[in-house]
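S.K.: Each chain is listed here by its residues.
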Amino acid sequence: MALLRVDNMTHYFEGLRAVHNYNLILEPGHIVGLIGPNGAGKTTIFNLISGIHTPTEGNIELDGHNLIGHQPHKIASMGLGRTFQNLLLWRHMTVLEHVKMACYSQLEYGVLDAFFGTRRCHREEKRITSKAMHLLETFNVAQFSSQLAVSLPYGAQRRLEMARAMATNPKVLLLDEPTAGMTPDELNRMITIIRKVHQDFDVTIFMIEHRLKFVMDLCERIQTLVFGEVIAEGTPDEIKNNPDVIEAYLGKEDVT
Amino acid sequence: MEEQNEKDQRPKKGFKAWLQKLFAGIPLIGWLFSVFGAVLIEYFLGDLISYYLGLPKIPVLFGFLTVLKKPLLIPGIIGYLILVYGLPILLIAKSLRKPANKLAAFLDKGPVSIGAIIHLGFFYGAMHFWTDLSDYRLLVLKLTMIAIMLTLSINVINGYMGEFSCSHPGFMALGAYGASTITLLLFANDKLFGDALLPVALGFYFFPLALIGGGLIAALGALVIAIPSFRTRGDYLAIISLAFLFIVKSLIENLEFIGGPRGMSSQPNYANLPMVFTVMVLCIWIINNFVRSTMGKALNAVRDNELAAEVMTVNTRKTKIIAFMFAAFWAGVAGGLFAHVLRYVNPGSFGIQRLAEILAMVYFGGLNSVTGSIVGAVSISILSEALRPLEIYKWIIIPLLLILVMLFRPTGLIAFTEFNPKELMKPKKKRIEEQ
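In order, the protein sequences belong to chains A and B.
Quick note: the first sequence, position 174, residue 174 per this note's numbering, numbers continuous.
Quick note: the second sequence, position 385, residue 385 per this note's numbering, numbers continuous.
Bound conformation, chain B alone (with noise of 0.2 Å):
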C-alpha cells in the first residue's frame, strides 16, 4: 500500500503520465454516463458514420470481425471507433467530471444498495441500446454473462476453497437439462413433453423458479463430489469430478426421454437481456456478499490450512458441502440461462471444450477474486468471439495468450483481493491537481 503511494506521488513524465492525468479523478459513474453517452450517439448516428467512413454497415463487435476479414477496412474502422467510442467517451467523462462527483459524493452518503442500483441502471441502459443495433451483439454480451457467472462460480470451488473441480460443465448441464425440462413440460407445446401443463403466458413469470429448478437439482449433484472432497484432495478430487463429467454427459445422452444426444430444443423465449443481467448481478451479488463473510472465508482457510481451520472451530466439512452445492448451483442456473438464451442444448455443449473454456476464463482472471472473475470471463468471451474469423487459429492465440498470462502472473490477472462496491462507486479526488 505505502509502496503504491509513494510511487504515485512521484512526478510523472511521458505518455503514460499523460494518460494517467486524463483519466484521473472521474468516478465510476461518469464513466457510465459516457459510456450511455457513445452508445446513444452510436445508436443514432452509426450508420451516418460508417457510411462516410466507407464501412458496408456498423461494426458489430468493435470492428474485430470485419477487421480480420478484411483488412482493407482498418482505417475506417478505427476511425469509427475514435469517432463513436473514443472521444464522446472522453469528452463526456471530462466535461461531467464535477457533478459527477457531485452525485457520486450524494450516493456515497446513502445505503450502497441505491447507489448500486443506479450504477447499473446506466450500465443497464447502455447495452440496451448497444444491443439493439444487432442480434449478434446481443447473443455475445448474453453469453458473456453467462460465463460471468460460470467463472464465478467454479472460483468458489477453485479459488476460494483450493480444490481443482472439473466438473462445472457437468454442473452446468444438469441445470440446463433440469430447466429446460421445467420450461418445456408446463409452458410450451413441444413433441418431447407434448402440450403444455400450464397456461403458456405464465411461463416467464415462472422462469426464474425453472432456474432455481435447474440450480438445485445441479446442487444436489454437486453432493456426489462434495462427500469424497472429506477425505480426498488435491488431484484426486480433480480425477473425481472429471469422471461426474463425463458421468453426467453419458447419463444425458442416454436418457431418450430428454432428447438423448440429439439434445433438446424449442424452449420458450425466455431468456431476454434483463432476465441474464437481473440474474448476472444477483449473481455476483450474492457469490460476493458469501465469500466477505467470515462463514465465506472459512473457505479460505480450508484452502490454506484444513487442520488449522478444524481445530479453530471450523465446521470444513460442513463448509466443504456449502462451497461445492453453492458453487453448482450457480453453475445450474446458469446452465438454464444458456438452455433458454440458445433455445437448444445437447450433450456435446458440456464437454472437455467447455470445460477448458470455464478454466481458462477463471485462471486468466484471477483466483480467488470476484473482479478477477468477471475480467477473465468478459476478456475471453468477447476475445474468442473476435477472432472467430481465424477459425482454428483462435485456439492457438488464446492459449498462447494463457501461458503468457501464467508466466508472468502465476495466479492471474487480478487475484486474491476482494470486491467492495462501495469503495467503486466513491467519488475520486484529483490526484495531480492536489499536488
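Chain A extracted, bound-state conformation (with noise of 0.2 Å):
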C-alpha cells in the first residue's frame, strides 16, 4: 500500500492553474525526487501537501488518512516532516530549542503543568532534551547545542534543520531543495546525510531538487513537472533520456 498517495490534485490561486491534475505514489522506503524548472509549482506541491494551502481539487492522504482540510501542525505530526528552501530557523532560539520545539506535539503534559512546573512537566521535558540531543549528536551538531541557530554555519544550519524535522516522528520527509546555496563539498555530505537519514530512520523521502547529479544519484524514481503538470515520470535513467524532459528542463538550462 502506498503511504502517501495524492489523487488528481488541482490548485488555482486566484485564477491562476498552479498544479494540474497530480498524482504521486509514495511507497514505503522509496526516495523520490521532484524537478522541475523555475515556478514550475514544485514547492506548491509540498505546501498543499503539508496543509499550508488547501488544494481546490484532489485528495491526498497518508498512510490511509485523509488530509485534506486538516491544520498543517495536525498533518505534521501525523508523520509529515518537512524542510524548507529558505530555511525556516526561529532567530531567537538556540539549537536544542529548535529541536526540542519539533517535539511539541509528543509533549504529554498541559498548559497547568507548565503553569506550575509539576513533576510531570519537567520530566517530559528531560526526556524530548535526550531525544533532541540524541538527534543533535545523530546530525553532528550536538556542539552547537546552545547557540543560537541563526549564528551557525551555513551547512550546519541545513543539518539542524534536518534534525528539526526528523524530531517531529516523520513517516515520509519532504526535502525542499536541501542542496540550495551549497557548495559541491556539501553537497557530497548531504548526499550522505540523506542516505543515512534514509536509513537509519526508516523514512521514506520526497524531495525537490534542482541539482540533477544529486537527484540521479539518490532517487529511485523521479517526477518531472513544467508548469504544474507531470510531463515525465520514471527511473533516473528514463528521465534522463526522455526527450520531453530535455527539451523543457535541460535544454532551458543550456540557455540560462
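Everything labelled a hint here was simulated from the structure, so no lab data went into it.
The C-beta atom is built at its ideal place from N, Cα and C for all residues, glycine as well.
Among the hints, a few may not be true.
Calculated pairs, DSS-like style, for lysine-lysine (alpha carbon to alpha carbon, straight line, at most 30 Å) [claimed, not checked]:
hint : chain 1 : residue 1 : chain 2 : residue 2
1    : B       : K318      : A       : K171
2    : A       : K126      : B       : K426
3    : B       : K21       : A       : K131
4    : B       : K318      : A       : K126
5    : B       : K70       : A       : K126
6    : B       : K16       : B       : K426
7    : B       : K94       : B       : K21
8    : A       : K74       : B       : K94
Below, a sample of chain A positions facing chain B; criterion: calculated Cβ distance under 7 Å [to be verified]:
hint : residue
9    : G69
10   : H70
11   : H73
12   : A76
13   : M93
14   : V111
Make the complex out of the two chains shown on their own, each in a separate frame, by following the hints.
M.R.: The structure is reproduced here in C-alpha cells:
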C-alpha cells in the first residue's frame, strides 16, 4: 500500500492554475525526486501536501488517513515532516530549543503542568531534551546545542533543519531543495546525510531538487513538473533520456 | 560567554575594578541580609540620624522628593543615604560574606523552592520594616509590585509572542471591575450594591478567589483579540487591540450599575502588603515556569516564524489563545489588586496614559525577559514617583530616558535572557582572590 498518495490534485491561486491534475504514489522506503524549472509549482505541491494551502480539487492520503482540511500542525504530527528551501529557523532560539520545539506534539503535559512546573512537566522536558540531544549528535550539530541557530555556519544550519524535521517522527519526509546554496563539497556530505536518514530512521523521502546529479544519485524514481503538470515520470535513466524533459528542463538550462 | 570570561581575566584598574572587587563574591542572600540590616537601622535610628543631619523627617523615597523641593537639604540627604543605606549594606554584606556563602551553598543542595522561600522571607521582612515607617512608601511599593505583574504579563504578548498588544489597560480594567464587583457585592455594605450578601468577616479569605474571578473575566475578554490574531498580525492586530481598549473603557463608562464614569469606591481593605507580595511572587513564578517550558517556548517559535512553528507540529492557534488569555489573566489579577490598593477605580485610570506607562516599562526593561520586566517596572515606577515634584516635566524626562535606552539598546535593558532562580541564589566565589 502506498504511504503517501495524492490523487488528481489541482490548485488555483485566484485565477492562476498552479498545479494541474497531479498524482503521486509514494511507496514505503522509497526516495522520489521532483524536478522542474523555476516556477513550475514544486514548492506549491509541498505546501499543498503539508496543509499550508488546501487544494482546490483532489485528495491526499497519508498512511490511509485523509489529509485534506487538517491544520498543518495536525498533518505534521500525523507523520509528515518537511524542510524549507530558505531555512525557516527561529531567530532567537538556540539549537537545542529548535529540536525540542519540534517535539511539541509529543509532549504529554498540559498547560497547567507548564504553569506550575509540575514533576510531569520536568520529566517530559527531560525526555525530549535527551531525544533532541541524540538527534543533534546524529546530525553532527551537538557541539552547537546552546548557541543561537542563526549564528551557525550554513551547512550546520541545513543539518539542524534536518534534525528538527526528524524530531517530529516523520514517516514521510519532504525535502525542499536540501542543497540550495551549497558548495560541491557540502553537497556530497548532504548525499551521505540523506542516505543515512533514509536508512537509520526508516523514512520515505520525497524531495525537490535542482541539481540533477544529486537527484540521479539518490532517487529511485523522478517526476518532472512543468507549469504545474507532470510531463514525465520514471527511473533516473528514463528521465535522463526523455526528449520532453530535455526540451523543457535540460534544454532550458543550456540557454540560461 | 567566552568573551566575557576573557574580559574578566584581564587585570583591572581604576574605580570600576575597585567597585567590582568590593562587590565580588557576595551571594544574593548576603545582600538580602545587609538590606535587612540597613532597614532595621533606619527603623530604629532613622529619626535620630535625620535629626542630627538637619532633616525635617526621614526621607521617604531615598530623599528624591525632598531634594527636588528643597535643594538646600542635598548634603543632609546624601549623608543620610550613606549612613543608613550605603555603609551598613556594604559593611554587613562584606562581613557576612563567608557565612552567607555557606548558607547559600547549603540551600543550593536542597530543593529550589525552600531556598526561594527563605530568600523571599528575608526580602519580605526588609520590605515590612521599610514600609512601616510611612504609608506613602507602602502605597508606592504596592503599586510597584502591581506594575511588575502588569509588565510581566504584557511581556508575554509583546515580548515572548512578538505581537504588539495595546489592550492591557483594558484587561486590567476588566479584572479591576470584576474583582471589585465580587467583593463589593458579597462582602461590603456600600451604596452601589447594598448590604453584603455573605458575612463580612469571610471577605479577606475569599479575596484571592475574587482576584481569580477578575482575572478570568479579563481572560475571557482576551478572546476578542486572540481570535482575530489567527489571521492578523503586526500593526493590524495592534489596532484591533487598541480598539478593544476603547470598547472596554466606554463600556464601563456607560454601565450605570457599576458606577459609570464616577467609578466604584470603598472597596474593602484586603490588599495589604503580604497579599500583594504573595500574588506578585506567584505571578513571577508561574510566568517564569511557563516561558521556560517547551510549551511556552512555542510563543517564541510563533513570533520568529509562524509557518515553521506550524510545520514543526506546534499548534499555533492554541499557543496564541493561551498567550493572550494567560497574559490577560495576570493583567486582570493585577487590576483587581490595583482596585483594592487604591480602594477606588474609575474608567479614567485605564486609558491611553496607563497604556503608555505599561509599554514604557516593558520596552525599557527588555523584551522576552522576566528580569527585564522586573527591572523596567521597578525603575519606571520609582522614577515616576521620585520625579513627582517636577510635575509636568516628569513626562519629558521619562520619555527622553526611554528614547535614550531605545537608541543604545533597542530591545531594552535586559532582553532575551532566562530567569533561573537556582542560578541567582547560588553561592559566589571571589574571583579576584583565586587569581
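S.K.: Next, verify each hint and record whether it holds.
M.R.: The hints, checked one at a time:
1. For the suggested pair K318 (chain B) and K171 (chain A), the alpha carbons sit about 25 Å apart, so the restraint of at most 30 Å is met.
2. A hinted pair counts as satisfied when its Cα atoms are at most 30 Å apart, and K126 (chain A) with K426 (chain B) qualifies at roughly 22 Å.
3. Restraint check: the Cα-Cα separation between K21 (chain B) and K131 (chain A) comes to about 43 Å, which exceeds 30 Å; the hinted pair is violated.
4. Pair hint K318 (chain B) plus K126 (chain A) holds up; C-alpha atoms about 23 Å apart against a cutoff of 30 Å.
5. As the CA atoms of K70 (chain B) and K126 (chain A) are separated by approximately 59 Å, the hinted pair breaks the 30 Å bound.
6. A hinted pair counts as satisfied when its Cα atoms are at most 30 Å apart, and K16 (chain B) with K426 (chain B) qualifies at roughly 24 Å.
7. For the proposed pair K94 (chain B) and K21 (chain B), the alpha carbon gap of about 11 Å is at most 30 Å, so the pair holds.
8. For the proposed pair K74 (chain A) and K94 (chain B), the alpha carbon gap of about 58 Å is over 30 Å, so the pair is violated.
9. Residue-level restraint check for G69 (chain A) is violated (minimum Cβ-Cβ distance to chain B is 15 Å; threshold 7 Å).
10. Taken as an interface hint, H70 (chain A) does not check out: its beta carbon lies about 11 Å from the nearest beta carbon of chain B, beyond 7 Å.
11. Satisfaction of the interface hint for H73 (chain A) is found here, the shortest Cβ-Cβ separation to chain B being roughly 5 Å, below the 7 Å cut-off.
12. About 4 Å separates the beta-carbon of A76 (chain A) from the nearest beta-carbon of chain B, less than 7 Å, and the hint is met.
13. Taken as an interface hint, M93 (chain A) checks out: its beta carbon lies about 6 Å from the nearest beta carbon of chain B, inside 7 Å.
14. Contact between V111 (chain A) and chain B, as hinted, is supported at the beta carbon level, the nearest pair being about 6 Å apart and thus within 7 Å.
In summary, the numbered hints that this structure violates are 3, 5, 8, 9, 10.
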